[in-house]
Amino acid sequence: MTLQPAVHDRLPTRRIGVTTKSIIMGAATSRDWQPLHHDVVWAQSEGRLPNIIMNNYTQAGLISAYVTDWFGPAARLGRLRFSMRSPICPGDPLELSGVIQVVEPEADFLWVSLAIELAVAARIATTADVRIAVPAVGQSPSVWHRSGAAWRP
Amino acid sequence: MAVSDLPLLVRSWIGQAVVTVDHTVTVEKASWLSFCAAVQDGNPLYWDEAFAEAHTGSAIAPPAMLPSWGSAYDWFPGKEGDGLRPMELHFLLKEAFGYPNGIVTNVEIEYHEPVRAGDSVRVEQILRAVSDERLTRLGPGRDWTIDLIYRRQDQALFGRHSISFLAYGSAATHQEAS
Chain A
1 MTLQPAVHDR
11 LPTRRIGVTT
21 KSIIMGAATS
31 RDWQPLHHDV
41 VWAQSEGRLP
51 NIIMNNYTQA
61 GLISAYVTDW
71 FGPAARLGRL
81 RFSMRSPICP
91 GDPLELSGVI
101 QVVEPEADFL
111 WVSLAIELAV
121 AARIATTADV
131 RIAVPAVGQS
141 PSVWHRSGAA
151 WRP
Chain H
1001 MAVSDLPLLV
1011 RSWIGQAVVT
1021 VDHTVTVEKA
1031 SWLSFCAAVQ
1041 DGNPLYWDEA
1051 FAEAHTGSAI
1061 APPAMLPSWG
1071 SAYDWFPGKE
1081 GDGLRPMELH
1091 FLLKEAFGYP
1101 NGIVTNVEIE
1111 YHEPVRAGDS
1121 VRVEQILRAV
1131 SDERLTRLGP
1141 GRDWTIDLIY
1151 RRQDQALFGR
1161 HSISFLAYGS
1171 AATHQEAS
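As they're listed, the protein sequences go chains A and H.
First residue of the first sequence? That's 1 in the working numbering, and the numbers climb one at a time after it.
First residue of the second sequence? That's 1001 in the working numbering, and the numbers climb one at a time after it.
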């Protein structure tokens, strides 16, 4: 975790070996039963895809975990925007990377905006923008107590 | 957005909550921990009641699971027909235009109040915009954006979710990506 996040700080790269099991686990536990996330025959014949593909809910979960693992559990996700450019399939060596783009003080916490990439070798699979609230210092009140007009993600 | 070539039915849907999913699933800790296991998320707010008490009052579900709580069970006692499909409004649009294929292109989620075990959500699916038909590299198609508003049973705002789709093609091929 960075105690004082700064623009251009880079998060350490996270490498994930994508498997058939991990794609199906992600789809099933996010309640997504579209066949292209669990049925390889359907994915190849009807979907014209190389294999089953990771669903967008799982990608959101991976991005969320990547960011909150870095900033710590006291941080609170405010906004996530992502574009899926190419599919993520079993056997893909997925790499998550991120860089801080904006740090904005608000009251007793900081809004931190990051650019995240999910890449398979040189291929960009997904790009994402994340906005997360981080306590300004260790003793700051929890950002989770903010609601209504005091929480503007 | 030009609306000149939109069917009247679709035009009447713009800006309206066409589909509502009303508290069909109860948020459960075992369900969200299974998702955490799938994405290897060890955040103690989701796992550790003692830790979560200081920050959120009790353990919360991962915010990234927001859309999952608006997806009905695939089967339930007394179910008749297909029931509501996940992202039902998207399928209604595909059927209205006759496009067999659809892919998600962009997703944006704004997270507000968390949900905990025992909560449930009401989701409104609102059609924000539909493009004119255009020729894509996958054939004739249209872009549309659906906004989803999630509220807990106490009416607190849980989140806002926007999904943009490209629907396209002829009846000869079928592809659905999410």
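Derived from the structure by calculation, the hints contain no laboratory data.
For clarity, every value in this text was computed on a predicted model and none was experimentally measured.
Note that the Cβ used here is the ideal one computed from N, Cα and C, for glycine as well.
Keep in mind that the hints are not guaranteed to be accurate.
[Claimed, not checked] Restraint-style ranges between C-beta atoms, simulated for each label pair:
| no. | chain 1 | residue 1 | chain 2 | residue 2 | range |
| --- | --- | --- | --- | --- | --- |
| 1 | H | Thr1026 | A | Gln4 | 25 to 31 Å |
| 2 | H | Thr1136 | A | Pro141 | 46 to 52 Å |
| 3 | A | Gln139 | H | Trp1047 | 22 to 28 Å |
| 4 | A | Gln139 | H | Arg1011 | 52 to 58 Å |
| 5 | A | Ser97 | H | Arg1011 | 26 to 32 Å |
| 6 | H | Leu1009 | A | Gln4 | 31 to 37 Å |
| 7 | A | Arg123 | H | Arg1137 | 17 to 23 Å |
| 8 | A | Ser45 | H | Glu1133 | 26 to 32 Å |
| 9 | A | His145 | H | Thr1020 | 29 to 35 Å |
| 10 | A | Pro35 | H | Pro1140 | 23 to 29 Å |
| 11 | H | Arg1128 | A | Trp33 | 31 to 37 Å |
| 12 | H | Glu1133 | A | Pro141 | 51 to 57 Å |
| 13 | H | Thr1020 | A | Ser97 | 25 to 31 Å |
| 14 | H | Asp1132 | A | Gly148 | 37 to 43 Å |
[As the list claims (entries may be wrong)] Facing chain A, from chain H, some residues (calculated, C-beta under 7 Å):
| no. | residue |
| --- | --- |
| 15 | Thr1024 |
| 16 | Ser1034 |
| 17 | Phe1035 |
| 18 | Asp1041 |
| 19 | Glu1053 |
| 20 | Ser1058 |
| 21 | Ser1068 |
| 22 | Ser1071 |
| 23 | Val1107 |
| 24 | Leu1135 |
Hints versus structure:
no.: 1; hint: H:Thr1026 with A:Gln4: 25 to 31 Å; in the structure: violated, 41 Å
no.: 2; hint: H:Thr1136 with A:Pro141: 46 to 52 Å; in the structure: holds, 49 Å
no.: 3; hint: A:Gln139 with H:Trp1047: 22 to 28 Å; in the structure: holds, 24 Å
no.: 4; hint: A:Gln139 with H:Arg1011: 52 to 58 Å; in the structure: holds, 55 Å
no.: 5; hint: A:Ser97 with H:Arg1011: 26 to 32 Å; in the structure: violated, 43 Å
no.: 6; hint: H:Leu1009 with A:Gln4: 31 to 37 Å; in the structure: violated, 55 Å
no.: 7; hint: A:Arg123 with H:Arg1137: 17 to 23 Å; in the structure: holds, 18 Å
no.: 8; hint: A:Ser45 with H:Glu1133: 26 to 32 Å; in the structure: holds, 27 Å
no.: 9; hint: A:His145 with H:Thr1020: 29 to 35 Å; in the structure: holds, 30 Å
no.: 10; hint: A:Pro35 with H:Pro1140: 23 to 29 Å; in the structure: holds, 25 Å
no.: 11; hint: H:Arg1128 with A:Trp33: 31 to 37 Å; in the structure: violated, 26 Å
no.: 12; hint: H:Glu1133 with A:Pro141: 51 to 57 Å; in the structure: holds, 52 Å
no.: 13; hint: H:Thr1020 with A:Ser97: 25 to 31 Å; in the structure: violated, 39 Å
no.: 14; hint: H:Asp1132 with A:Gly148: 37 to 43 Å; in the structure: holds, 39 Å
no.: 15; hint: Thr1024; in the structure: violated, 11 Å
no.: 16; hint: Ser1034; in the structure: holds, 4 Å
no.: 17; hint: Phe1035; in the structure: holds, 4 Å
no.: 18; hint: Asp1041; in the structure: holds, 4 Å
no.: 19; hint: Glu1053; in the structure: violated, 11 Å
no.: 20; hint: Ser1058; in the structure: violated, 11 Å
no.: 21; hint: Ser1068; in the structure: holds, 5 Å
no.: 22; hint: Ser1071; in the structure: holds, 4 Å
no.: 23; hint: Val1107; in the structure: holds, 5 Å
no.: 24; hint: Leu1135; in the structure: violated, 19 Å
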